[in-house]
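Starting from the structure of chain D, add chain W where the hints point.
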Amino acid sequence: MTKGLKIIFAAASFALAGSAFAETLAPDDVEIVDMEVTASLTGKPGDATIGRETFADRKKGNCLACHVNADLSDQLFHGEVGPPLDGVGDRWTAQELRAIVIDSKEVFGEQTIMPGFYTMNVGINVAEKHKGQTILSAQDVEDVVAYLTTLSE
Amino acid sequence: MAKIYKTGVLLAGLLTAGMSSAALAGGPVDEKLVIDDELEIITRTAAPEGHPLDEVISGWHYRTEETRALEADSFQNPGMLYVERGEEIWNTVEGDAGKSCASCHGDGEEFLKGIGANYPKWNADANKPFNLELQVDQCREENMQAKPYKFDAADQKALVTYIKHQSIGMPVEIDLSQGEMQEWWKKGEETYYTRTGQLNLACATCHEDYNGNYIRADHLSQGNVNGFPTYRLKQSAMVSLHNRFRGCIRDTRAEFPAAFSDELMALEVYVTWRGTGLSVETPAVRQ
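Just so you know, the sequences run in chain order D and W.
According to numbering that gives the first Met the number 0, the first sequence is numbered sequentially starting from 0.
According to numbering that gives the first Met the number 0, the second sequence is numbered sequentially starting from 0.
In isolation and in its complexed conformation, chain D is listed as follows:
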């Protein structure tokens, strides 16, 4: 396939995906099978540039609270309770990363410290203002996953 054809093909499949999964998947409808969530939660691809911001935003992903990420070395104080994310895009597929971000307990087991960012499987007594809400929106998850896949060593 030539490069031009590939792009046309990719554009066509995005358009297809867009029409087939126009509705965003609700947290309870997400299925994690074999440590993967195969399709985009929104039917749309994520935006890695926005994902980088969501990743760092303390009110959104706040991922640096627990993970070192050299790509964001301009920000101080990277946490260390989770593994460093340098090269995480080499170690996991987008489908696996999506599953981990959505509900890491389904991948790593109940004991993991990592919160589930798009799940209703949370702790007791959730604060009123967070009740029934996920930490990230479906599109936030897609953006973060798109960003994570760019972290290559």
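Any given hint could turn out to be false.
In silico negatives: residues of chain W with every beta carbon more than 10 Å from chain D [claimed, not checked]:
1. 136
2. 208
3. 254
20 Å max Cα-Cα, derived EDC-like pairs, lysine to aspartate or glutamate [said to hold, decoys possible]:
4. 58/D - 250/W
5. 104/D - 28/D
6. 104/D - 207/W
7. 43/D - 95/D
8. 59/D - 127/D
9. 130/D - 95/W
10. 120/W - 174/W
11. 59/D - 35/W
12. 127/W - 208/W
13. 58/D - 217/W
14. 127/W - 182/W
15. 58/D - 254/W
16. 98/W - 141/W
17. 104/D - 152/D
18. 185/W - 48/W
19. 120/W - 136/W
20. 98/W - 136/W
21. 59/D - 250/W
22. 104/D - 208/W
23. 128/D - 254/W
24. 112/W - 37/W
25. 128/D - 250/W
26. 149/W - 207/W
27. 120/W - 182/W
28. 130/D - 254/W
29. 127/W - 140/W
Hints in this document: simulated from the structure, not taken from any laboratory.
From the three backbone atoms N, C-alpha and C, an ideal C-beta is built for every residue, glycine too.
The following block gives chain W in isolation, referenced to the frame of chain D:
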């Protein structure tokens, strides 16, 4: 797990330009706390029987050199101002009965020695464990005919700091054989391991599984309470134990229980037991 990651993180840190080295120090420091070059504080000791960890370690070991130095010098320790204020309150008449604490108990430094190290304590009349705040309030209402303190009133914090400070250096030991203390301990243990909030974290998740590691700029300790009330630089104020409990629970994005509620009293019993053998450090200095 945490230990394995740490080495990796350290290497990553050395290789990463612009990273703060402070965030990569890891683990409790190997130092001794001696206050004013004369009072040795037990900051590490073998854990009591049934404790999930082998060694209990004071939060002092997890703080920066500057913060540790503040606690080692009582002239520099900002918490000592609260001790002084607490002594004034001890000797001040309040309430319709025309009494001060000292009217019944006499000299605070004599009477209070060791008392703070043994709280919370079973209170048969109330049929629940009492911490120092509840004990003070009972005394105020019944003996002084004064109003109980509002939670975290400046005078409540100062008086409790003064009372606890009279046990500085003495090992924490609570009596679980009295009344229903065992049941309360058990209830507190349950709370300690229950995950709360949208972030789905239990006390144990951070303070048992990941102490010695950083969450962002915060160096996680074992969460021992031997230094409470404690002077927190972040708030530039004395912080009570129940204030900290509530702050921690709030940070998991959960609703937090009322101060001195049964749930938090049970947690105080359990968490105090977890620090058995550590010296009282009040007023400790923390981040």
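Going through the hints against the structure:
1. 136: holds, 26 Å
2. 208: violated, 7 Å
3. 254: Violated, because the least Cβ-Cβ distance between residue 254/W and chain D comes to about 5 Å, which does not exceed 10 Å.
4. 58/D - 250/W: holds, 12 Å
5. 104/D - 28/D: holds, 16 Å
6. 104/D - 207/W: Holds: residue 104/D and residue 207/W sit about 19 Å apart, inside 20 Å.
7. 43/D - 95/D: Satisfied, since the Cα-Cα distance of roughly 17 Å is no more than 20 Å.
8. 59/D - 127/D: holds, 18 Å
9. 130/D - 95/W: violated, 47 Å
10. 120/W - 174/W: holds, 7 Å
11. 59/D - 35/W: Roughly 45 Å between the alpha carbons, so the hint for residue 59/D and residue 35/W is violated.
12. 127/W - 208/W: It is violated: about 30 Å lies between the C-alpha atoms, which goes past 20 Å.
13. 58/D - 217/W: holds, 17 Å
14. 127/W - 182/W: This hinted pair holds, its Cα atoms lying about 10 Å apart.
15. 58/D - 254/W: Within the cut-off at roughly 18 Å; holds.
16. 98/W - 141/W: holds, 11 Å
17. 104/D - 152/D: violated, 26 Å
18. 185/W - 48/W: holds, 15 Å
19. 120/W - 136/W: Between residue 120/W and residue 136/W the Cα gap is close to 15 Å, so the pair holds against 20 Å.
20. 98/W - 136/W: Holds - the C-alpha atoms of residue 136/W and residue 98/W are around 14 Å apart, at most 20 Å.
21. 59/D - 250/W: holds, 14 Å
22. 104/D - 208/W: holds, 16 Å
23. 128/D - 254/W: Status holds; Cα separation ~10 Å.
24. 112/W - 37/W: holds, 18 Å
25. 128/D - 250/W: Cα-Cα ~13 Å, so holds.
26. 149/W - 207/W: Given that 20 Å is the threshold and the Cα spacing comes to 32 Å, the pair is violated.
27. 120/W - 182/W: holds, 13 Å
28. 130/D - 254/W: holds, 10 Å
29. 127/W - 140/W: holds, 17 Å
Of the numbered hints listed earlier, those contradicted by the structure are 2, 3, 9, 11, 12, 17, 26.
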